[in-house]
Amino acid sequence: MSLQTEEKAPNMETNKGLNLKATELRLGLPGSESPERNSSEEKDGKNGYSHLVTSGAKRVFSDTINGVSGKWVFSGNGGSDGEVPQNGGLFSPRGGAKILGGGGGEKSVVKENVIPATEKKKNQAAGVPHAAKAQVVGWPPIRSFRKNSMAINPPKNDSDAEEKLGSGCLYVKVSMDGAPYLRKVDLKTYSSYLDLSSGLEKMFSCFTIGQCGSHGATARDGLSESRLVDLLHGSEYVLTYEDKDGDWMLVGDVPWNMFTETCKRMRIMKSCDATGLAPRAMEKCRNRN
Amino acid sequence: MDPVRKRTKDSFKSCDSTHLAPFPDEVLEKVLSLVKSHKDRSSVSLVCKDWYNADRWSRGKIFIGNCYSVSPEIVARRFPNIRSVTLKGKPRFSDFNLVPQNWGADIHSWLVVFARVYPFLEELRLKRMVVSDESLEFLANSFPGFKVLSLLSCDGFSTDGLKAIATHCKNLTELDIQENGIDDLGGGWLSCFPETFVSLEVLNFASLNSDVTFDALERLVNRCKTLRVLKVNKHISLDQLQKLLLRAPQLMEVGTGSFQQELVPRQFSELETAFKSCKNLHTISGLWEASSVYLPVIYPACVNLTYLNLSYATLQSDELSKLLPNCSNLRRLWVLDTVEDKGLEAVGSSCPLLEELRVFPADPFDQDMVHGVTESGFVAVSNGCRKLHYVLYFCRQMTNAAVATIVKNCPDFTHFRLCIMNPGQPDYLTSEPMDEAFGAVVKTCTKLQRLAVSGLLTDRTFEYIGKYAKNLETLSVAFAGSSDWGMQSVMEGCPRLRKLEIRDCPFGNAALLSGLDKYESMRSLWMSACNVTMNGCRLLAKNMPRLNVEVIKDDESDDNEADKVYVYRTVVGPRRDAPPFVLTL
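As you go down the protein sequences, you meet chains G and Z in turn. In terms of the numbering used here, the first sequence is residues 1 to 289. In terms of the numbering used here, the second sequence is residues 1001 to 1585.
It should be emphasised that the hints constitute simulated quantities derived from the structure, not laboratory data. Fair warning: this is a prediction, and the values are worked out from it, not measured in the lab. C-beta: ideal position from N, C-alpha, C; glycine also. All clues stand as given, with none of them false.
Footprint (simulated), chain G over chain Z, 3 or more residues, beta carbon under 8 Å:
#1 1350-1362
#2 1416-1430
For lysine-lysine, the following DSSO-like pairs were computed, each having C-alpha atoms within a straight-line distance of at most 27 Å:
#3 Lys1127(Z) to Lys1518(Z)
#4 Lys1342(Z) to Lys202(G)
#5 Lys1322(Z) to Lys184(G)
#6 Lys202(G) to Lys1322(Z)
#7 Lys1243(Z) to Lys188(G)
#8 Lys1387(Z) to Lys1322(Z)
#9 Lys184(G) to Lys244(G)
With the rest of the complex left out, here is chain G (with noise of 0.2 Å):
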């Protein structure tokens, strides 16, 4: 059951290549402050990631104790706080991988997964955001189990909606300008807009609330779904979502089944940032058919 590191490498390099937008986290190490100043780093002879894999924590701990700030950010392949992935990271919410081969396995796979240098500067200049992960093996302390069921942010080297268990779920995440986090819902289980934009109303109605200035929990029950209705389908927010292709279109311009079909993922946005949506929408649904 243990795969081979080098398999992998090339992967997650090429994923990252696809998939990631300037919206994704930059992750950096202590040491490294942010992608541009990693070439200092490496002129030290320290990449900023093989000085935290092949010596454990002897320099990056001493990098701390010396007062270098920078974040500790991890990637999704450590710990679990359940079951011990034999085929490591392949459960990983992030995708990368975090391979168990044989002794001191983790180490240098770690150190295979790292970007080098070259490439780093490589895929900057191509605007992609540095993407080695940090790879800090176990941290924080979080079963595979619990790490794999929650997975609310879809793999990043997912190109379509995230497909979860069981052929019958269609989950995509849902985020709302103004919301400190997203939500996840399953496309299946609605069989037409009305029925998505209820069941995203319900979702949101707290946030949205809040935002009215109203108090707290107790405000959903006497306040009208009504207003929230007037939020969504008034002026204040527009629902969209981004399809296969990257783009991000109105929702209710296609028909309901090609939406399940190309939804990546969707953001209820404030209205004055939607425009200039519209266009692209009919522009699209035009080549489409």
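Following the hints, complete the assembly by docking chain Z onto the known chain G.
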């Protein structure tokens, strides 16, 4: 077929007027058999030879915390009448991928001995062991009276192994499969329980990923009238759950399937009725993807709940705030940090009897979108729940002052596991290390048994621990400390320490060797990515022959670095099944 008891008739003859007549063996054994805790049993066996023997013959249950500390042959020789075995294998950090595959802890050699010596074995509870399908099949065919199989965090088997269990264990009462590295080849295993099989009391397959045949499950639940724990997996829908609950209103613990189905009002009220009809329900878990829309179906059952596991439901604060006032009897609560501080305030105000709280991070690796919980949520809980004694808390910020307040409110902590997710992060208000926080914990919580520390910590923290944590048994340390002195303080100070696991800390040979006299009284020590060298380990091994000092070498490190060190006491010497990357010194 009980082995012949050794009679001590001689002891009667040898007593004189100055000694009390000793108990006959049978009486002594009967009395001792009422002593259940394995620790007490161990103490009993040390009193005198008679008591050692009485314990030997009457011991039915054995607990082995480290499978390599003893051999199955030795166990078999000492205890002839074992019916129940609990075995733990890999070091705990293997849960977090720090132990390479093929490290060991295979159950099979134990099963072979047990099959020969304990044909009446009934219970096997394994944690972090490697279990193959062959082993499961062997088990199923070797012990006709087998009743309880519990596998937690194990790996190496597939659902085929479960098929063997279901097919052959005619007297099975408990099948508990939790969070294992399992090859899920399909849900057909459940259909292998024969139609004549009715004895099941506990069924937990919540962490299996594939679909079972619902029909088979429904029939199974229907005919097992003594079923008291049922935890299904995500594939069971809400209306399927309703059918199951109707068949088993006697259930005490329910793990639901997915809570994200769309229900029409009739279905909703049917489900609500089903929950209401389970009068003995005290535990609910599962609740995958539960949203507030359908959560109210459990409200009628909430008043009797003592344990609610919401750690797979991404609830927001107001959803939790609506749910919790129904749960005034809650003792244990597991949640995700999506409930945020506001949700935790609701915990504090609604659940005054709460004893255990676990807050898991919904998205531990995503720094931007999720806010999670902070110190104020924890403080809020401590304000309202004065009986709190077990906490596991994942957060992104903490202060020394908050922790001091928390332990002042709840001085009875026995388990304090705080994980500030950014390693080496200081008090975010004062920028100081978090030393005083853990100092407050150990000074105030005199009953503390288990501690996990995090954040920016100097040796000071460990000085405090060594000085005050007199009841501490388990300590987990990561990315902390400044020098050998930190670990030394702990090794010299904590008399009850049994398990110490350390990663990524600047502790070296001096620290390792400071525990020379202590390791034999501990179950194990784990040190990885510290400053220990091979020479230090060799010195330890040389001086302490009854310890196994094992080093797992990484290919990349230089020859003298001891990347991962695992030290444990043992009566059977070096492992004979160690893989090539494990060096026993």
